[in-house]
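Asks: Those protein sequences? They're chains A and B, same order as listed.
Quick note on numbering: numbering that gives the first Met the number 0 labels position 190 of the first sequence as 189, and the sequence is numbered without any gaps.
Quick note on numbering: numbering that gives the first Met the number 0 labels position 109 of the second sequence as 108, and the sequence is numbered without any gaps.
Calculated directly from the structure, the hints in this document are not laboratory data.
The structure displayed is predicted, hence computed values, not measured ones.
Just so it is clear, CB atoms sit at the ideal spot from N, CA and C, and this is done for glycine as well.
Possibly wrong hints are sitting among the right ones.
[What the hints assert, rightly or not] Computed cross-link-like contacts, SDA-like style, restricted to lysine to any residue with a CA-CA straight-line distance of at most 25 angstroms:
id: 1; chain 1: B; residue 1: LYS324; chain 2: B; residue 2: PRO196
id: 2; chain 1: A; residue 1: LYS231; chain 2: B; residue 2: LEU204
id: 3; chain 1: A; residue 1: LYS75; chain 2: A; residue 2: ARG168
id: 4; chain 1: A; residue 1: LYS235; chain 2: B; residue 2: TRP243
id: 5; chain 1: A; residue 1: LYS239; chain 2: B; residue 2: ASN262
[As the list claims (entries may be wrong)] Every beta carbon over 10 angstroms from chain A, so not counted as near; a handful from chain B, in silico:
id: 6; residue: GLU116
id: 7; residue: THR163
id: 8; residue: PRO231
id: 9; residue: LYS234
id: 10; residue: GLU296
id: 11; residue: GLU333
[What the hints assert, rightly or not] Going by beta-carbon spacing under 7 angstroms, a handful of chain A positions derived as facing chain B:
id: 12; residue: GLY39
id: 13; residue: ALA164
id: 14; residue: ASN229
id: 15; residue: LYS231
id: 16; residue: PHE234
Letter by letter, the chains look like this.
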Amino acid sequence: MIPLFLLLITLLLSSCSSSISEPIHSFQVQTPRPFGYVIGDKITQRLLVEVRQGVELQYSSLPARGTINRWLNLNKVKINKKKASDGWHYQIDLTYQVFYAPLEVKMLDLPAFTLQFRQFGNTVGQEVPVWHFTTAPLRELAIRKDNGIEYMRPDQLAPLIDNSAVTTRLTIFSAITSLMAGYLAWLYGLLSFLPKYQIFKKPTRQLAKLTEGDEEKMLAIFHHALNRLNGKPLFKHQSKVFYQEFPRYKQLQSELDWFFDYSNEYFFGSHAKLDENNSHRIQQLSKHCLDIERGRR
Amino acid sequence: MNLNNQLSEWRDLALQFEQQINDTILGQNKAIRHCVISVFARGHVLLEGNVGVGKTTLLRALAQGLGGDYQRIEGTIDLMPADLIYYTYLDNRGRPQVDPGPLLKQGERLATFFFNEINRARPQVHSLLLRVMAERSVSAFNQDYQFPHVQVFADRNRIEREETFELPAAARDRFMMEINIDTPKDDADLSELIFNPRFHDVEKLIADLTSGKIAYYQLNEIGKEIQESIQPSAKLHEYALNLWKATQRPADFGIILSDTEMNQLVQAGSSPRGMSFLIRAAKVNAWLEDRTTLLPEDLQAIFQVTMAHRIFLNPVYEYRKDELKPELITGILEGISAP
């Protein structure tokens, strides 16, 4: 009976001593997919470790940031330490970058190393196993030139910034500005190339060449110009309506009245002859009309 | 007294005559000016307008102002030509009598003949009137009767068309002018016509007019003197000819009316008689304006009233004549320059 009791005690103590003495409760390595990598890709290896109270991670046991070998670089080491229910929980993220340019699909590996923990002056190690993955070539290796066309295509152009809204606004405001400028130019009589501003140009030039011998021609030329301006034949008795329509010509009322009286007398009355003074008067009248037409008067 | 002074004196009387009619008939200055022109141009006048706008009053005022004998007849559907020449009745002794009718009653002294509602009379009556207007004579009782001073004024309303007879083109062409009388536009005139009792008693209004300042028997002579005193220039001849041609072929002068085939618009333009009336009336206009020069504006002033009833549109456009005729007249006046 006594030996059996001792055996039970021994078994119980041995089971308790094993759980109490284990410094690392759990250890887990999380890795991404083990294939499909090309030169320049980054691979993050995550280590999850739970240790007993009083067990400290030796940070120096982690691989140093920088070049691991000629084709592998450790870019970043991130350690997150949290309190666990019975000890500490470590999350260690190791970000590697591959610089291997394989000529065919090739298996590579992240090297193994040992994580070290310190406990009451003793050191406990936890092996991080090697992790295998495959890399593939990034570009074609066989030379293919079909019909002289390079297999390699040029880089895609950078996408243009969408400026259609700005262009539309620019077009609209340009159109509005042009219209307003045109209207102002019309209002101030600057569009001298328009037929509207050419009515007295030619008659004034023609009248300048005529003398007192060409009475009928002079009168007819100026009548024709006035008719063009009015849009229909203009007679003296319609002058009131004419001045309402073309108020700027009212300043020439006395001269225009004289012209109509003279014309009536010439064509329908006693056929009076123009003297030099009168022919000069018609020429001046035409010039004044031209000045009004061009906004100079 | 030389001729110029005499014409000047007659003009003063004519303007006084016009003024007193303007004082009697409000808001019709233009129509009255046209009537005065027709008196001195010795032309007959047809007035057209709505009911109650003063057509008959205007004609009565004209007759009263001119003086001389006048007769008036109302157009009815049963009126026959003989009714204008004589009428029969039994005298107080029971014997049948034949007396001269309205036309013959005053003989040569007849100065003004009114024909009210002329479109209600039959074509037979129009025919008689046509001779009176054209020849100023009529045949009756185996002899010709002359009316050297007669001027016919007729009126018709444009509202009623039932039981009326359209005047034939020949009769219309005898009228120198066809004048439209519209309701006055000015509010002051309308207010005066409505509220001033002076305009309510037409008989008294007409009787108040001074009569006979211009002797009716002198009108032919005055008219002749006016016509001879004003000689149109060659340029005006050209202008008048162009106006005439434009009444016949407006398309040749670049006259375009909307929705109208201009080559087919006019069936017949003005007659030579119509153009002579135009010039006669234009000369009187110049005389009233105290001018001895006939100007385009004189022709323009009476173009509408002397020409509109002489232009006959193609039947296709006849239903639009109220719209097209004024447009055509305006188009002609605005399409022809002088020089």
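Asks: Each hint needs a verdict: does it hold in this structure or not?
Replies: Hints versus structure:
Using a Cα cut-off of 25 angstroms, the hinted pair LYS324 of chain B and PRO196 of chain B is violated, with the two alpha carbons roughly 38 angstroms apart. At most 25 angstroms may separate the alpha-carbon atoms for a hinted pair to count; LYS231 of chain A and LEU204 of chain B exceed this at roughly 44 angstroms. Restraint check for LYS75 of chain A and ARG168 of chain A: not satisfied, since their Cα atoms lie roughly 49 angstroms apart, outside the 25 angstroms limit. Only pairs whose Cα atoms come within 25 angstroms are accepted, and LYS235 of chain A paired with TRP243 of chain B is accepted, the gap being roughly 22 angstroms.
Restraint check: the Cα-Cα separation between LYS239 of chain A and ASN262 of chain B comes to about 34 angstroms, which exceeds 25 angstroms; the hinted pair is violated. Under the 10 angstroms C-beta cut-off, the non-interface status given to GLU116 of chain B relative to chain A holds; the minimum distance is some 36 angstroms. With a closest Cβ-Cβ approach of about 38 angstroms to chain A, THR163 of chain B is found to remain outside the 10 angstroms limit, as its non-interface label requires. For PRO231 of chain B, the shortest C-beta to C-beta distance to chain A comes to about 7 angstroms, within the 10 angstroms cut-off, and the non-interface label is violated.
Not every CB of chain A is more than 10 angstroms from the CB of LYS234 of chain B (nearest about 4 angstroms), against its label as outside the interface. Once the 10 angstroms rule is applied to beta carbons, GLU296 of chain B is inconsistent with being away from chain A; the minimum gap is 5 angstroms. Listed as a non-interface residue, GLU333 of chain B fails to keep its Cβ farther than 10 angstroms from every Cβ of chain A; the least gap is roughly 4 angstroms. With 7 angstroms as the threshold, the beta carbon of GLY39 of chain A stays out of range of chain B, its nearest partner Cβ sitting at about 80 angstroms, so the hint is violated.
The beta carbon of ALA164 of chain A is not positioned within 7 angstroms of any beta carbon in chain B (closest approach about 46 angstroms), and the interface hint is therefore violated. For ASN229 of chain A, the suggested interface contact is broken, since its CB lies about 9 angstroms from the closest CB of chain B, more than 7 angstroms. Annotation: interface hint on LYS231 of chain A holds; nearest CB of chain B at approximately 4 angstroms, less than 7 angstroms. About 5 angstroms separates the beta-carbon of PHE234 of chain A from the nearest beta-carbon of chain B, less than 7 angstroms, and the hint is met.
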